[in-house]
Structures are given as C-alpha cells and as structure tokens.
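> Sequences listed follow chains Z and U, in order. Quick note, the working numbering runs 804 ahead of the 1-based positions in the first sequence. Quick note, the working numbering runs 459 ahead of the 1-based positions in the second sequence.
Some clues are possibly wrong.
Here are the simulated SDA-like cross-link-like pairs (lysine to any residue), alpha carbons at most 20 Å apart as the crow flies [unchecked claim]:
#1 K846(Z) / T464(U)
#2 K846(Z) / L470(U)
#3 K468(U) / K861(Z)
#4 K846(Z) / L469(U)
#5 K861(Z) / R462(U)
#6 K846(Z) / Q461(U)
#7 K846(Z) / S528(U)
#8 K846(Z) / L505(U)
#9 K468(U) / Q845(Z)
#10 K468(U) / G844(Z)
#11 K846(Z) / P550(U)
#12 K861(Z) / Y486(U)
#13 K468(U) / I842(Z)
#14 K846(Z) / A542(U)
#15 K846(Z) / R500(U)
#16 K846(Z) / K468(U)
#17 K861(Z) / A460(U)
#18 K846(Z) / L506(U)
#19 K846(Z) / R512(U)
#20 K846(Z) / Y486(U)
Calculated from the structure, these hints are not laboratory results.
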Amino acid sequence: EPEVTQTPSHQVTQMGQEVILRCVPISNHLYFYWYRQILGQKVEFLVSFYNNEISEKSEIFDDQFSVERPDGSNFTLKIRSTKLEDSAMYFCASRRQGTNTGELFFGEGSRLTVL
Amino acid sequence: AQRVTQPEKLLSVFKGAPVELKCNYSYSGSPELFWYVQYSRQRLQLLLRHISRESIKGFTADLNKGETSFHLKKPFAQEEDSAMYYCALTPSGSARQLTFGSGTQLTVLP
Chain Z
805 EPEVTQTPSH
815 QVTQMGQEVI
825 LRCVPISNHL
835 YFYWYRQILG
845 QKVEFLVSFY
855 NNEISEKSEI
865 FDDQFSVERP
875 DGSNFTLKIR
885 STKLEDSAMY
895 FCASRRQGTN
905 TGELFFGEGS
915 RLTVL
Chain U
460 AQRVTQPEKL
470 LSVFKGAPVE
480 LKCNYSYSGS
490 PELFWYVQYS
500 RQRLQLLLRH
510 ISRESIKGFT
520 ADLNKGETSF
530 HLKKPFAQEE
540 DSAMYYCALT
550 PSGSARQLTF
560 GSGTQLTVLP
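One chain only, chain Z, in its complex shape (with noise of 0.2 Å):
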C-alpha cells in the first residue's frame, strides 16, 4: 500500500540554521500539507498546497516558513532561520482529489530539535 514517506526522521540543528524537511506525498494525490506537533500540545495546521501554490497557512507559517515542489514528487517544508520554539514534530501529508475532503494520509514524521 503506498505511504507518504518523510526524511529525515529526525533532525538536530542550532538556533539560526535553516532546515529542509522532506515528503514523499503518494503519487496520484494532488493536495499536500504541513503540519506540525510541538510536544504535549495538539497537532496543528502549517500550510496546505495544490496546483503548485499555497491554497492555505495558518498564522504560525510566517515569512520564516517556504514549502516547494521543486520536481514534482517532492514536498519541501523550509524554515530559514530555526527558533528553539520549531523544535516538534513535523507532519506531512496528502490527499487525493475527489475524495472526501479530511481523508488525509499522513507520513510517519519528522522529529526536529533546534539547539
């Protein structure tokens, strides 16, 4: 059965490093997201993207946060200049058209540490 994959499974980086975190979405869906899970709190929304543009963010996607579909199978997640406060659990996921709107699949995660 095809599942989103995510790399790395976890990254540690210092304050003001930029980060790149990887997604695989599977490969007939055409909506992407970020989510992310900083630890003990909820997950929470980042960023949707569909037909090569962002269609959503919430407030926490500030100017900091860039996602990009730079070859058409990959769905980047970029944070230019890390905050201690970055540091949760980084959720990609995706989801075909045409089906119910909420059936997203989810990737196994991205654990991030910013030092």
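Could you slot chain U onto chain Z? The hints should help.
Same frame as chain Z, but now just chain U:
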C-alpha cells in the same frame, strides 16, 4: 473559527469494558468530523468519519449536532486499542485543513 475539544488527556479502561472518548466541537457552519488514531510508533491514520456512518475495529461515533459532540465508542475494549485518539473537524465540502483536538491517550489494561 472552528475548535475541537477533547476533555480527557488520559483514559484507562480494563479489557472488555466499554469505552467512550469524548469530543466536542464548535463551528458555525456544517462540519465534517473524523477520528484519527496513532498507535505506538506508527503514523496518524484515519479511523472513521461521520458521513460514512461505519464501524471500524468495533468503534462507532455519532454526530450529535444539538450537543455539538462526536464521541467515539466501543462496547468492549481490547488491549490493541491502546493508542492516541484525535478528533478532527473540517468545514463540509471544503478543501481546507483539519482542525485537531488535543488528543486522548487510551490505555486498555489487561
């Protein structure tokens, strides 16, 4: 703005006992409600959605618009049901994102 509340952070029941995980929501329009589950060391996955009115792994959930609730129930809990359960909402017919509750960690004791 939509909001999902799961009042219980932790819930423990004995194997064979009934279990109910509570979920309340606030949203001014017509929502779609879901339960997602995360087993230990596994990814978040869809358990069930209210529009399907289905039973998955013995779990059911009924949308009560009057009480704005979508509680998850199972009459006889099993040890393998131990997991983190998230209630989630999205506006009906929308491609917008899911809003998650804070989750309930269910532990089924032997």
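> For each hint, tell me whether it holds in the structure or not.
Evaluated hints:
1. Between the alpha carbons of K846(Z) and T464(U) the distance comes to roughly 11 Å, so the proposed pair stays at or under 20 Å and holds.
2. The suggested pairing of K846(Z) with L470(U) holds, with an alpha-carbon distance near 17 Å, which does not exceed 20 Å.
3. Between the alpha carbons of K468(U) and K861(Z) the distance comes to roughly 27 Å, so the proposed pair goes past 20 Å and is violated.
4. Between the alpha carbons of K846(Z) and L469(U) the distance comes to roughly 14 Å, so the proposed pair stays at or under 20 Å and holds.
5. The suggested pairing of K861(Z) with R462(U) holds, with an alpha-carbon distance near 17 Å, which does not exceed 20 Å.
6. Simply put, K846(Z) and Q461(U) have alpha-carbon atoms about 14 Å apart, close enough for the 20 Å limit, and the pair holds.
7. Between the alpha carbons of K846(Z) and S528(U) the distance comes to roughly 19 Å, so the proposed pair stays at or under 20 Å and holds.
8. Between the alpha carbons of K846(Z) and L505(U) the distance comes to roughly 16 Å, so the proposed pair stays at or under 20 Å and holds.
9. Distance restraint check for K468(U) and Q845(Z): the Cα-Cα separation of roughly 11 Å lies within the 20 Å cut-off, and the hinted pair is therefore satisfied.
10. Using a Cα cut-off of 20 Å, the hinted pair K468(U) and G844(Z) holds, with the two alpha carbons roughly 10 Å apart.
11. For a cut-off of 20 Å, the pair hint linking K846(Z) to P550(U) stands: about 19 Å separates their Cα positions.
12. Using a Cα cut-off of 20 Å, the hinted pair K861(Z) and Y486(U) holds, with the two alpha carbons roughly 19 Å apart.
13. At roughly 15 Å between alpha-carbon atoms, K468(U) and I842(Z) fall within 20 Å of each other, so this suggested pair holds.
14. Distance check on the hinted pair: K846(Z) and A542(U) sit about 15 Å apart at the alpha-carbon level, within 20 Å; holds.
15. Between K846(Z) and R500(U), the direct Cα distance comes to roughly 17 Å. Compliance with the 20 Å bound is thereby established for this hinted pair.
16. Our distance criterion of 20 Å between C-alpha atoms is met by K846(Z) and K468(U), whose separation comes to about 11 Å.
17. Of the pairs offered as hints, the one joining K861(Z) and A460(U) holds, with about 14 Å between alpha carbons and a cut-off of 20 Å not exceeded.
18. Pair hint K846(Z) plus L506(U) holds up; C-alpha atoms about 18 Å apart against a cutoff of 20 Å.
19. For a cut-off of 20 Å, the pair hint linking K846(Z) to R512(U) is broken: about 26 Å separates their Cα positions.
20. With a C-alpha separation of about 18 Å, the suggested pair K846(Z) and Y486(U) falls inside the 20 Å cut-off, and the hint holds.
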